[in-house]
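Q: Taken in sequence, the protein lines are chains A and B. Just so we're aligned, residue 1 is where the first sequence starts under my numbering, counting upward by one. Just so we're aligned, residue 1 is where the second sequence starts under my numbering, counting upward by one.
If you're looking for bench data, these hints aren't it; they were derived computationally from the structure. All residues carry an ideal CB built from backbone N, CA and C; glycine is no exception. There could be a bad hint or two in this list.
[As the list claims (entries may be wrong)] Below 27 Å or equal to it, Euclidean Cα-Cα: the simulated BS3-like pairs (lysine-lysine) are:
#	chain 1	residue 1	chain 2	residue 2
1	B	Lys23	A	Lys48
2	B	Lys329	A	Lys122
3	A	Lys334	B	Lys352
4	B	Lys352	A	Lys48
5	A	Lys329	B	Lys352
6	A	Lys59	B	Lys121
7	B	Lys59	A	Lys346
8	B	Lys86	A	Lys352
9	B	Lys23	A	Lys284
10	B	Lys65	A	Lys48
11	A	Lys289	B	Lys280
12	A	Lys329	B	Lys48
13	B	Lys346	A	Lys22
14	A	Lys352	B	Lys356
15	A	Lys167	A	Lys139
16	A	Lys352	B	Lys334
17	A	Lys351	B	Lys352
18	A	Lys48	B	Lys289
19	A	Lys23	B	Lys356
20	B	Lys168	B	Lys208
21	B	Lys86	A	Lys334
22	A	Lys334	B	Lys48
23	B	Lys23	A	Lys356
24	A	Lys351	B	Lys280
25	B	Lys352	A	Lys356
26	A	Lys86	B	Lys334
27	B	Lys139	B	Lys62
28	B	Lys329	A	Lys58
29	A	Lys346	B	Lys280
30	B	Lys48	A	Lys23
31	A	Lys329	B	Lys59
32	B	Lys351	A	Lys23
[What the hints assert, rightly or not] With beta-carbon atoms standing in for the labels, derived distance ranges:
#	chain 1	residue 1	chain 2	residue 2	range
33	A	Lys23	B	Thr153	49 to 55 Å
34	A	Met1	B	Lys23	54 to 60 Å
35	B	Thr276	A	Ala36	55 to 61 Å
2 protein chains.
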Amino acid sequence: MANNTITAPRGFVAAGVICGIKKSGKADLALLVCPAGAKVAAVFTTNKIVSAAVHVSKKHVKSPKIWAVVVNSGNANTCTGQAGMKNAITMCAETAKRIEVDPHNVLVASTGIIGEQLPIKKITAGVSKAAAKLSASSKAGLDFAKAIMTTDTRSKQAVRRLGISGKKITIAGAVKGAGMIAPNMATTLCFITTDVAISKALLGKALKTAIGNSLNKLTVDGHQSTNDTAIILASGLAGNRPIVSQCPRYRKFTLALADLCDDLVRQMALDAEGATRMFKVVVKGAATKADAARASRAIADYPLVKCAVNGGDPNWGRIICAVGSAGIKLNPDKLSCKLGDITVFKNGAPKKFDAKRAGKIVSQTEHTITVDLGVGKQSDFCYGCDLSAEYVTINADYHT
Amino acid sequence: MANNTITAPRGFVAAGVICGIKKSGKADLALLVCPAGAKVAAVFTTNKIVSAAVHVSKKHVKSPKIWAVVVNSGNANTCTGQAGMKNAITMCAETAKRIEVDPHNVLVASTGIIGEQLPIKKITAGVSKAAAKLSASSKAGLDFAKAIMTTDTRSKQAVRRLGISGKKITIAGAVKGAGMIAPNMATTLCFITTDVAISKALLGKALKTAIGNSLNKLTVDGHQSTNDTAIILASGLAGNRPIVSQCPRYRKFTLALADLCDDLVRQMALDAEGATRMFKVVVKGAATKADAARASRAIADYPLVKCAVNGGDPNWGRIICAVGSAGIKLNPDKLSCKLGDITVFKNGAPKKFDAKRAGKIVSQTEHTITVDLGVGKQSDFCYGCDLSAEYVTINADYHT
């Protein structure tokens, strides 16, 4: 069977183990290693309060090459002061020691509860355990994907294979999603591996573009976490002629990367906390692209729209209400709205429509809401998911 | 027993009847009349898509005096095009006919589902029925308060009594709340009556100030509706020396009005859709008042904070996460947070605290969250409520 995990590209080994941070006893320490060293690029949360892990990784990512990424789940290492910084550095140092590289050649990521110190002894023991289990098997890749989960109900992975200058290239990704997801630089934890040979600058550019049109377009609850990190590692072992300019080969790579990220973001939307279905919001006829982005996000974030989708209810009035309060330019007399292919509101007036068929459309696993603001030619989109009673249950008692 | 409804001030009669808009068969048409004519002031939603009722009332409120306010619940008369405008005008005209005044001396308000045409025949029949029942009794005032409800589980009313230049002044209010509530000009439907003698200009100023510090400070789900309207009518029948300047008598009146509005907003917060408790967010140490307002609202709107309050969980990390993503100026090394009187986070580091006592604090009917941004001297506040599974249940099936 094909390896469809982050160990699929040549040059990567991984592991996921139980180190004892999570009370549930589930896997909570993950290790990804590129023994030959990898080109790296990353995007981080723009939240002003960030995890100590983000502080450290932001520094280390400047290194020409990275050999490993160490991740813990169950604790965000955020709002933890100087002690937290020391622990993040220790995580890198312990990992570096196991694989014999410099600590600044290791990246670190954390996810989980905010405001508690890491059980650092458990983690360093976990790093040893994980280092001893490193493997290129698909089981090892799956173990990694499972060990980064928090309230996710399933691991999320994707692989794309393509040919570049006669060589087989593989790109693979693992993400953790669930809550605290909003479009604003990176989203949650996302690790991508590839064996393509590419310059560090273009790897960064490709990642930024791909994330911008995928993970940054998803809003689950309108907030980005303090720990959001997306990292791509490129081993360069595919043997292709290195990509050093924005040539057709670069474009081919970015298309595959974008497609991979779109796959991952859909998996995240459908496994968002308590989500039962997702939707895409397309806003067109906007004066500016920023207006279109703002309006689409206002709709996808609006709890009443999310509840209506949960109820399979074609309550389009809430969509219009969200647009009206988004603070963007619109023409009330030209405003129109579609649910799937059904026009429910046109030029500022309601249209008679088949409510039963509309109900079926919004009850699908995924449907598209289209709004025309009637003032210009710009458009943008975003992804959202429904809001269920389970979201509340999950989040009312996460701490205790 | 004292009359504690909007018919308490001298010069007002009211009624609330069933006209048949709501499928539930509950009261859905309300009428408030000041037979001698009243000075009037109002604030309306700033949503760019507004109800036909808002369009009409915005025009009529410019009249020197208003004789009546007609309100229907169960249908918002929004996104209803030209037919909707005609219906809103008809509601005023029918009411005007019954009490023999000009249609432009009548205000109209609607609340309920967006995008459906009003059953105007049922409404005109309802206006006749209500006009025949107009009374200054407290029962009539209560009927009014009940007939404006949508998903509210109880009517919301408040009364304040004070003396001005040796005369007894009464101020009374009725509001409908529940969902689609956010701080941005007016909130939901709010009707206030008073018998004070005051100039139209000062009545407007007093209303704007009172609403700004009460109803505009409450966020239930971060969105303001297309129909938000707050109206104050002053009959002038108390016999006080008319208030025509910002004198101490004006100040006394505004304090009482502000207190009344604060009472109403707390009732709204605690009866927000599915809410079980409310909280106040105070943000201080901000560089600007706007930053303080934005940060307090970001906290109160954050679903994960709202869920934590629902679970009685002192999960302060989510508060800091919300502050960090609010886009305001802060100093991570000076940032502090208190739950009630317990400091949980100080100068960027967590503080050991009694989790059991903190859990008790956030489980109260109302508690205060205080955040110090550590960069300036400005402060502001807002009110929020918890997010419960019931909110979702209520809003998943509201339409059908």
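Q: Check the structure against each numbered hint from earlier and tell me which ones fail, lowest number first.
A: Numbers 1, 2, 3, 5, 6, 9, 10, 11, 14, 16, 17, 24, 25, 27, 29, 30, 33 - these are the hints that the structure violates, sorted from lowest upward.
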